[in-house]
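Peer 1: Starting from the structure of chain A, add chains B, C and D where the hints point.
Chains as they are written, first to last, in numbering that gives the first Met the number 0: chain A, 0 to 433; chain B, 0 to 433; chain C, 0 to 433; chain D, 0 to 433.
Just so you know, these hints were derived from the structure itself, not from any lab.
You can't tell identical chains apart in this list, so a pair holds if it fits in one copy or across any two.
EDC-like mimics (lysine to aspartate or glutamate), calculated; alpha carbons at most 16 Å apart, straight line:
id : residue 1 : residue 2
1  : Lys233    : Glu78
2  : Lys233    : Asp104
3  : Lys229    : Glu78
4  : Lys391    : Asp253
5  : Lys422    : Glu406
6  : Lys433    : Asp253
7  : Lys233    : Asp76
8  : Lys424    : Glu357
9  : Lys422    : Glu357
10 : Lys75     : Glu55
11 : Lys425    : Asp360
12 : Lys60     : Glu78
13 : Lys203    : Glu168
14 : Lys425    : Asp389
Protein chains: 4
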Amino acid sequence: MKLPLCLLAAALSVSAQTPTPSPTLTGRWQVTAELFGSPRYLSLNFDQKGTALTGEFTGDKLTGTVSGASVSFISKDTEGNTDAFTGKLEDGTLRGTCTEVDITDPAHPLVFPMTATLIPPLEHPTPQRHDFIPTVFYRQFSPFNKPVLTVNPGDTIHTTTVDAGGSDEYSIQRVSGGNPETGPFYIKGANPGDTLVVHIVHLKLNRDWAGSDDNIVSRGLGPDLAVKSKDNNKSVRWHIDLAAGTASPINSGDHVKTFAIPLHPMLGCMATATPLAMAPPGTGDSGFYGGNMDFNQIAEGATIYLPVTNPGALLYFGDGHAAQGDGELNGNALETSMDVEVTVDVIPNKHIGDPRVETDDAIISMGLEGDLNEAFRSATGNMADWLATDYKLTPSEVAQVIGSSAEYHVSEVADRNAGMILKLKKSTLATLAK
Amino acid sequence: MKLPLCLLAAALSVSAQTPTPSPTLTGRWQVTAELFGSPRYLSLNFDQKGTALTGEFTGDKLTGTVSGASVSFISKDTEGNTDAFTGKLEDGTLRGTCTEVDITDPAHPLVFPMTATLIPPLEHPTPQRHDFIPTVFYRQFSPFNKPVLTVNPGDTIHTTTVDAGGSDEYSIQRVSGGNPETGPFYIKGANPGDTLVVHIVHLKLNRDWAGSDDNIVSRGLGPDLAVKSKDNNKSVRWHIDLAAGTASPINSGDHVKTFAIPLHPMLGCMATATPLAMAPPGTGDSGFYGGNMDFNQIAEGATIYLPVTNPGALLYFGDGHAAQGDGELNGNALETSMDVEVTVDVIPNKHIGDPRVETDDAIISMGLEGDLNEAFRSATGNMADWLATDYKLTPSEVAQVIGSSAEYHVSEVADRNAGMILKLKKSTLATLAK
Amino acid sequence: MKLPLCLLAAALSVSAQTPTPSPTLTGRWQVTAELFGSPRYLSLNFDQKGTALTGEFTGDKLTGTVSGASVSFISKDTEGNTDAFTGKLEDGTLRGTCTEVDITDPAHPLVFPMTATLIPPLEHPTPQRHDFIPTVFYRQFSPFNKPVLTVNPGDTIHTTTVDAGGSDEYSIQRVSGGNPETGPFYIKGANPGDTLVVHIVHLKLNRDWAGSDDNIVSRGLGPDLAVKSKDNNKSVRWHIDLAAGTASPINSGDHVKTFAIPLHPMLGCMATATPLAMAPPGTGDSGFYGGNMDFNQIAEGATIYLPVTNPGALLYFGDGHAAQGDGELNGNALETSMDVEVTVDVIPNKHIGDPRVETDDAIISMGLEGDLNEAFRSATGNMADWLATDYKLTPSEVAQVIGSSAEYHVSEVADRNAGMILKLKKSTLATLAK
Amino acid sequence: MKLPLCLLAAALSVSAQTPTPSPTLTGRWQVTAELFGSPRYLSLNFDQKGTALTGEFTGDKLTGTVSGASVSFISKDTEGNTDAFTGKLEDGTLRGTCTEVDITDPAHPLVFPMTATLIPPLEHPTPQRHDFIPTVFYRQFSPFNKPVLTVNPGDTIHTTTVDAGGSDEYSIQRVSGGNPETGPFYIKGANPGDTLVVHIVHLKLNRDWAGSDDNIVSRGLGPDLAVKSKDNNKSVRWHIDLAAGTASPINSGDHVKTFAIPLHPMLGCMATATPLAMAPPGTGDSGFYGGNMDFNQIAEGATIYLPVTNPGALLYFGDGHAAQGDGELNGNALETSMDVEVTVDVIPNKHIGDPRVETDDAIISMGLEGDLNEAFRSATGNMADWLATDYKLTPSEVAQVIGSSAEYHVSEVADRNAGMILKLKKSTLATLAK
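Chain A on its own, in the form it takes in the complex:
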């Protein structure tokens, strides 16, 4: 089936137009439409010249007129389907009605109410540090959960996360398992079509154990290994030795008695809430919104970029791992509670269609798809978009840069989506012509 033209437009549209301060309608608007009783966010940009309006509505070009408080415009997509709006501007809010006509069925237009407000320039007040103690944990990356805290761009949030099974730093289970999340945090000034920037300042372990197991998930099991591993099915508790900086399995096999791996705390989940039109995903899932990415470089010092599809972005995070091999092959990594400090910011009117990660020395695109082949394709395409947009490379140049310099790692095999990442070193990118 096909969605009505405008339904997911907020998540999908890209606006190349930078809003400029103006006493007129010129600028980027935050639109809420009411479709069959449910709200949807749509994209709208006006460029006013006298009484004439041009711009973009849900990704399509619009033309319109302003006459006193009355505003009307029409936009048309490549097939000829149209959206026609008429309304009035009162106290800075545009209210009216949109009529959508499907060119293959003009007899049955869709009519819906719509309100819009001009998005003000992003502000960065004096940065604040918020100590936040969570009391509720959510199991869906839902836009319908009430924000637990509102912060400004530039602020720092210091809080904790429970482990994937719901247990906190005191080993008390606080919630049903399944990657319960801390959040959502409302970031002021974030609007659909923006990019949320989350920098992980500190990620500290806050208890002395992690839970894991000895399974191998089915993406790792060929028939021979499946038969060999048929009796694997036990929980494994790991001791976290903060002083030594290592973790070791407890009583879990003669040959692993002394086995010790370096601690490398990371967050399995980080997400913005999903669009209103979408069934809110469970916290075991992942996608363009981030989610349960289980990528072991989402760690202290990393910066994560996520698309904003709701006002306030609604940031969630959780599912801390004391360490994790690539892919989270056991289904569980070293699951543990965590002490988290992040700073948040917003890049206005910058649309990315997928999660991105930046570390001290590299930029990293991610592909999250139903299998590793598609995840590889997606990570490649996402980096190609990044290089084309931010580095202005041509398709030929993109191919030369990625082909000669990309590192591809598996990020995730344990969940519904498989993940692959593509990493480019900043030192190599630094040699590109300006």
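Peer 2: Frame of chain A; chains B, C and D shown alone:
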């Protein structure tokens, strides 16, 4: 269809029995059978106690008797199919006839001649260094090509390789393209069922350019990127700056004018010849025998382990790359000629079913399969075998070690097989209990 | 992360024990636990002998005692984790508290309230036919939507569905698009652990057009076809000619002016509501619960078997297609409204882990996974389970029957899950020994 | 690496130009080049106007001149690489030298000798029927095997094939197993760039048994089924009851004692020899040349289209199956010897890049790739090419026809390539506008 029982046995059988010096038949034998006019190598191990023989033939247990020069034995597989041999030992060579009976069709036995000689203990004469100038280059990893040089275990071979298109260090094309190989080198004492060890001592670039292109292979192309890249289709010549240690594309786009990547010479191809019963693969292909693996850590300092399926192992290598991103996304890496120095050795009676790589700080298993999902499974299964055999880990312990510590990278997406590698750090493995 | 032991047990547990009428506790119980404020359904079977209880709780063996109204039992899984219940039976309802102890963390038990009622034998009152006119349409296969109608096993429901875009038989859009569903229907006597049986008696087209498009979804697009199809992106309206029994695209290309395909009405979606612990999937998704399977043999005359994970099963259906090629390659099939008549029934205490379809002449298993390779594996494994359970075949016999006789078709490539089906002819199965 | 420009050109080039009878050079030429001691076939088309030549060489446009017996031309590809030929025409044979210049390395041209003859119009003499008794069987689809019989277009070949294990109709093993083939047959008038047409007139079983097994190949084995099937590993002999038209496993399980499946004889293998530049594939492999496709509709009445890449096409076939479920899930189908009657024909100057099948009621494209996802993409792309070329459909129309009407089945999962087929009913295609 099913192959006759013994056909590929040499490649598949594993013998746990270490040959001990003995004046009797006890020990491991090199067997050549003659099937419908074509030779095949089979595995045979005898343990002689008086006139009684036990042991293994093509992977199945045998029982037999020695009576003067007469030797006879019979082996049976799990289904009840039998191989019965009778022959005579003359001048150290056992000659006779084998009768194979398929239990579902006993009326039509297969009878074939067979000769065998006892494999002597492996010798390591004083190591020699061979300077070898190639004059012929092969385009199949074939067991039917005449060895170009015979060396002893422990010897060093210093030679050169032409680039994938067949051009040498003087830019002279010497052979049709398609990864023409230097070799095959015959390593004395290597027998089917052994492992060949190739250590890359030096890998030096010997000209100032490499050839590549701006394509993206289809494993990297989703529909969107395919459309964006539709006009990519040009050769790109890279300048190799040995002094600076970098390579840069020449006249290949405004934004890559100053682009420079670190040189990292590697060999795209390294292989032992394939079993006699198999159609010799082209040098663009890969498999258990190694081949066109295009893995960018097969570089100076690395040690490669390959299964031996022919007497002398018959080592090939070629397809040098001045540098390569993970996967060889362009189809061509920075293709160039190379100055190569390797030492070779043999691990007798050690069977590995897949190529393995060891570096200073890690052991690396490889999966080479029709797609990345299967390559991931295969790399995992191959490392599980490695840890079970060489580190004596139980299946549960294997899962804990890999799950907590594995790195998975893409090695190859450009050829028929996709490749994934699984890397474990030696520093982590060092903490395992002895 | 690992879920608490009992969380998803209702969906996963299988009980081999047939309840027998008894004045005692013996029988199958419907259990509702309260976990951190949210209900979960668990499985419980008692076999009472005097004051002694045996049976199964959440898939694990239990032992317990009855003393007057007091009931207590303990169950243990293979790792040694335990659930201990103590409670009282009053007016047929067992109320009490369950204490769950994780053997790796005994200091932190999980305690939760639990109520249970004995499931009575399934009843089939005189079948009724319900004419139901839907006024609300849901976009998630949620257990939280209020049932629109309650029916008995054996009853017939006659109703209508809107098309995938939300338009009804009068071309009036009634709801936002995205496969809005008719339902949920509550089937009395259906309990978690049962199988719902839905027989499609009639499936009639009720308007003269369907909407589709000329896209090819990315699973069908290699790089070459992607480039060739880069300008495909239009809606295509099809005329439905009920008299001729065909559909034809309208004004959609010179060569398809006279193109006409046979009508073959089908339902793209049919599902039971998902378990309480799971994020309710959107109606574009599919899984063990059925959902948006888009399989073109879910048509008049077919019987669909779906697992029950909520009391009443909560049946949804919608997304009618006038016809559809295998896989729904365009993303949209011939999307249209439909007149639907189904009969429903329940197989008590019969657990299936995946949707199954039966037609006049065949049984059909389905694999719904992230890619076609996994969907193939899943369809194979699901049919192997079916043959082992219902036909008592050994694993060797399963392989012989499937290997010699299976037909494998693609059912779905348009959505997040890919689908493959495995079909076995009843005429062939009829030759199996009884 | 990149192949020299012309190496595989014969297999790849397409000429849209139909040769017309002419006393001049105008027409299509069969070219043999000599590259580093090995022959290669290249494509060449001349259109002579006076002394001026235009046309195509290895897929690139050429311009040239004729001066008496002297002929010279130059062709250039899109990158600017050139091939320049100068030679003489004597007794209908053009002999000369071609100089290939790579624009990125003009200092090192490649020079090679070349001969060419004008391809005469295809002739169809009075059809003959050849009874051919094979005495040799090949295990590679090699262009280097001597043809066993030469026939004309329109002729019928009546012969036999041994089973996949090499046993004939008398149960005598004639050759090592691995799908030994009957052929190659040389079809006069077939030239690189043509299409070979093979119609299967009769396919008759000629003995009363077939060999199979109870394995499930790894593409069908998820972890659960792998564990359940871990002891499956036996040969299964099937009795062929020609009178009843069925086959039944012998002594292979209590529940399959009476199991009987309909006989449906098919050929697992049919191929043309592969291009000279390619390592000849083993007879277990498949590709654009056909090969071990294991598609159960390659049966009596079917017509198979295969690309010709060598003079005479060099047709091979073998690997008969008495019956086979989709995909050959056991690795072996019901392997048996066969009595085969085919008629052969040639479509001159018609290039297809992949095997195609036509039955009484359908046309069928095939995708043979490393996994089922890619095979699905490939089957789709191949049918899109077919519809565009032979039915003149636009990309939008292609999508509408396939999307509404395609059937997709699995053809092969047992070998290195997976196979998917796309079937379109002729009755539906018949409604397309002429």
